[in-house]
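Novice: Next come the chains, spelled out residue by residue.
Protein chains: 2
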Amino acid sequence: MNLDFNITVIGLGLIGGSYAMALKELNPKNLWGVDIDSETIKSAEKMGIIDKGYTDAAIPLSKSDIVIVSLYPDLTVQFIKNNINNFKRGSVITDTSGIKSKVVNEVSSFLPDYVDFLGGHPMAGKESKGLAFASKDIFKNTNYILTPTEKNKVENIQLIKDIALSIGCTNIVSVDPKTHDKIIAYTSGLPHLIAIALVGCDSFNEKSKSFIGGGFRDTTRIAAINPELWSELFISNKSNVINQIEEFQNNLSVLKSAIENEDICEIEDIFNVARKKRSELNNNE
Amino acid sequence: MNLDFNITVIGLGLIGGSYAMALKELNPKNLWGVDIDSETIKSAEKMGIIDKGYTDAAIPLSKSDIVIVSLYPDLTVQFIKNNINNFKRGSVITDTSGIKSKVVNEVSSFLPDYVDFLGGHPMAGKESKGLAFASKDIFKNTNYILTPTEKNKVENIQLIKDIALSIGCTNIVSVDPKTHDKIIAYTSGLPHLIAIALVGCDSFNEKSKSFIGGGFRDTTRIAAINPELWSELFISNKSNVINQIEEFQNNLSVLKSAIENEDICEIEDIFNVARKKRSELNNNE
Numbered sequence: 001m002n003l004d005f006n007i008t009v010i011g012l013g014l015i016g017g018s019y020a021m022a023l024k025e026l027n028p029k030n031l032w033g034v035d036i037d038s039e040t041i042k043s044a045e046k047m048g049i050i051d052k053g054y055t056d057a058a059i060p061l062s063k064s065d066i067v068i069v070s071l072y073p074d075l076t077v078q079f080i081k082n083n084i085n086n087f088k089r090g091s092v093i094t095d096t097s098g099i100k101s102k103v104v105n106e107v108s109s110f111l112p113d114y115v116d117f118l119g120g121h122p123m124a125g126k127e128s129k130g131l132a133f134a135s136k137d138i139f140k141n142t143n144y145i146l147t148p149t150e151k152n153k154v155e156n157i158q159l160i161k162d163i164a165l166s167i168g169c170t171n172i173v174s175v176d177p178k179t180h181d182k183i184i185a186y187t188s189g190l191p192h193l194i195a196i197a198l199v200g201c202d203s204f205n206e207k208s209k210s211f212i213g214g215g216f217r218d219t220t221r222i223a224a225i226n227p228e229l230w231s232e233l234f235i236s237n238k239s240n241v242i243n244q245i246e247e248f249q250n251n252l253s254v255l256k257s258a259i260e261n262e263d264i265c266e267i268e269d270i271f272n273v274a275r276k277k278r279s280e281l282n283n284n285e
Numbered sequence: 001m002n003l004d005f006n007i008t009v010i011g012l013g014l015i016g017g018s019y020a021m022a023l024k025e026l027n028p029k030n031l032w033g034v035d036i037d038s039e040t041i042k043s044a045e046k047m048g049i050i051d052k053g054y055t056d057a058a059i060p061l062s063k064s065d066i067v068i069v070s071l072y073p074d075l076t077v078q079f080i081k082n083n084i085n086n087f088k089r090g091s092v093i094t095d096t097s098g099i100k101s102k103v104v105n106e107v108s109s110f111l112p113d114y115v116d117f118l119g120g121h122p123m124a125g126k127e128s129k130g131l132a133f134a135s136k137d138i139f140k141n142t143n144y145i146l147t148p149t150e151k152n153k154v155e156n157i158q159l160i161k162d163i164a165l166s167i168g169c170t171n172i173v174s175v176d177p178k179t180h181d182k183i184i185a186y187t188s189g190l191p192h193l194i195a196i197a198l199v200g201c202d203s204f205n206e207k208s209k210s211f212i213g214g215g216f217r218d219t220t221r222i223a224a225i226n227p228e229l230w231s232e233l234f235i236s237n238k239s240n241v242i243n244q245i246e247e248f249q250n251n252l253s254v255l256k257s258a259i260e261n262e263d264i265c266e267i268e269d270i271f272n273v274a275r276k277k278r279s280e281l282n283n284n285e
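Those protein sequences? They're chains A and B, same order as listed.
Letter 241 of the first sequence, counting from 1, is numbered 241 in the working numbering, and no numbers are missing.
Letter 127 of the second sequence, counting from 1, is numbered 127 in the working numbering, and no numbers are missing.
One or more hints might be untrue.
All copies of an identical chain are treated as equivalent in the list; a pair is satisfied when it fits inside any one copy or across any two copies.
Unchecked claim - DSSO-like mimics (lysine-lysine), calculated; alpha carbons at most 30 Å apart, straight line:
1. LYS140 with LYS126
2. LYS140 with LYS276
3. LYS182 with LYS207
4. LYS46 with LYS153
5. LYS277 with LYS238
6. LYS52 with LYS209
7. LYS207 with LYS151
8. LYS46 with LYS238
9. LYS24 with LYS182
10. LYS209 with LYS161
11. LYS178 with LYS209
12. LYS129 with LYS46
13. LYS136 with LYS276
Because the hints were derived from the structure by calculation, they are not lab data.
Remember, it's a predicted structure, so these values are computed and weren't measured experimentally.
One chain only, chain A, in its complex shape (with noise of 0.2 Å):
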């Protein structure tokens, strides 16, 4: 696409480090880098994935058209408040964070007119932090869910889907933000505490290491969680999470009774649909 914008990607780490990268490839304008880290700054200019970096976001901020904000969920907010005058008239702003109700409804709450808050989550990570982990190729063939409202112009949703496009992301969805966190809480929560109540077990041990295959190894990968992210993305999502926890759980009770009354039938008849579920993702893998 043709990125003739002034862009700054405000934090980073992880995700802000690699969509810089992907960005650069689209040869903006000028991109820009904002993080509180005088070192990672440094660093973000020595790999060339932005053209300059500040730890003042006023400086870039007043002449960016598309703000980038990579910061935890709290930070976001609290971010885009304190720079409420550093923005430039008529730009947009997007954010990456997973949970999308409270950031969505705080920025509104403060925001100018002149100014678009489009929030935004690329479903990217890894299970280590910083920008010495991020990669360009992180959004590849993955999902990117916008959560617009009636206040975002139709031409910078647009512009942020047409990038998440351009930086590879195959599959761009627009829900309310509610439905978001609703959604999230099953797909990527769930999964998170799930991975980290099985590691938690006291069976995993030095004896039990010998008898872990791939089942074990994939199920549990996502159990390598960042703690202080975490623990603000379920607590923003409490109701939800919770939730789901108890769905899952009472899935779990099921087939432990089954199990407890040998009752093949039923087993087979939930693990055949379990089978026939799972398979329908197997398209996409």
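We have chain A; now place chain B onto it with these hints.
Specialist: Frame of chain A; chain B shown alone:
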């Protein structure tokens, strides 16, 4: 290794077929295959992974030094019982089934002294069954569990260990059958049930598919289960599996309460422990 023996593989499915392929590379004196399906035998012969195949096991068994039974657990016991008079004096039989107490105890109860049975469990598998998905590489870098008893001859245990190493397994561990079943309920049974209960949620639908990232994919990969095999494995290992489900459910309930109470300290503590525990596995990945 020098494999100057006649070997027969019983059951040319995913594991048996893969075992035959891997053994073929080691140039055994003769490598025979047994299957109830004559089409499978024809395929295996055509693929060159066995020297000759049989639907009647009596012929190859009488001349085989090593017999590898790759059938479901109950069928494994039944096969050995039905062929009790066909085994060569001094031969060693091993199996590949995922449950060991039942198989080892039952086989021990009727096996004559002049044949040695050593329980085995290669920690290898796939989401697809049958010879068509077999691969000689399935054992590469995997764990292989042996469950010797005082009845086994030392040289036979060593022989099966050497074979396991030669087909690519990196870690051969010996435990008693009871311990195997306890640990395997955790490292293999529980992750499968979790993946199934997760996929079984109503939230798994057309809409939520756009919200899926690598975490959900990995956590649910093994939900594409073989229903007949696994219902047997779970029922045969009932009490261990139930105990593991309960420990896991308790862990998840603790997490649920911590989120409900917005107890950031407890959440982060649990996450940090999980992160550390899971990271210990990375050296082997």
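Novice: I want to check one pair: LYS140 and LYS126. Are their C-alpha atoms no more than 30 Å apart within a copy, between two copies, both, or neither?
Specialist: Intra 13 Å, inter 26 Å, cutoff 30 Å: intra and inter.
Novice: Given a CA cutoff of 30 Å, do LYS24 and LYS182 count as a within-copy pair, a between-copy pair, both, or neither?
Specialist: Intra 33 Å, inter 53 Å, cutoff 30 Å: neither.
Novice: As a check of your reading, is LYS46 near LYS153 (CA-CA no more than 30 Å) within one copy, between copies, both or neither?
Specialist: neither (36 Å within a copy, 64 Å between copies)
Novice: Up to 30 Å between alpha-carbons, please classify LYS52 paired with LYS209: within, between, both or neither.
Specialist: neither (47 Å within a copy, 38 Å between copies)
Novice: Pop the pair LYS136 and LYS276 into one bin, within, between, both or neither, using alpha-carbon distances up to 30 Å.
Specialist: between (34 Å within a copy, 27 Å between copies)
Novice: With identical chains treated as interchangeable, where does the CA-CA distance between LYS140 and LYS276 reach 30 Å or less: within a copy, between copies, both, or neither?
Specialist: both (26 Å within a copy, 28 Å between copies)
Novice: How would you classify LYS207 and LYS151 at a CA-CA limit of 30 Å: within, between, both, or neither?
Specialist: Classified as between: cross-chain Cα gap 24 Å, same-chain 57 Å, threshold 30 Å.
Novice: Please sort LYS46 with LYS238 into within, between, both or neither, judging by C-alpha distance up to 30 Å.
Specialist: neither (41 Å within a copy, 58 Å between copies)
Novice: How would you label the pair LYS182, LYS207 (within, between, both, or neither) given a Cα cut-off of 30 Å?
Specialist: between (39 Å within a copy, 11 Å between copies)
Novice: Given identical chains, is LYS129 near LYS46, meaning Cα to Cα at most 30 Å, within a copy, between copies, both, or neither?
Specialist: For LYS129 and LYS46, the Cα distance is within 30 Å only inside one copy (19 Å; across copies 50 Å).
Novice: Go through the copies and call it for LYS277 and LYS238: within, between, both or neither, with a Cα cutoff of 30 Å.
Specialist: Both: 27 Å inside a copy, 25 Å across copies.
Novice: Could you figure out if LYS209 and LYS161 sit no more than 30 Å apart (CA to CA) within one copy, between two copies, both or neither?
Specialist: between (44 Å within a copy, 18 Å between copies)
Of the numbered hints given earlier, the model fails hints 4, 6, 8, 9; all others are met.
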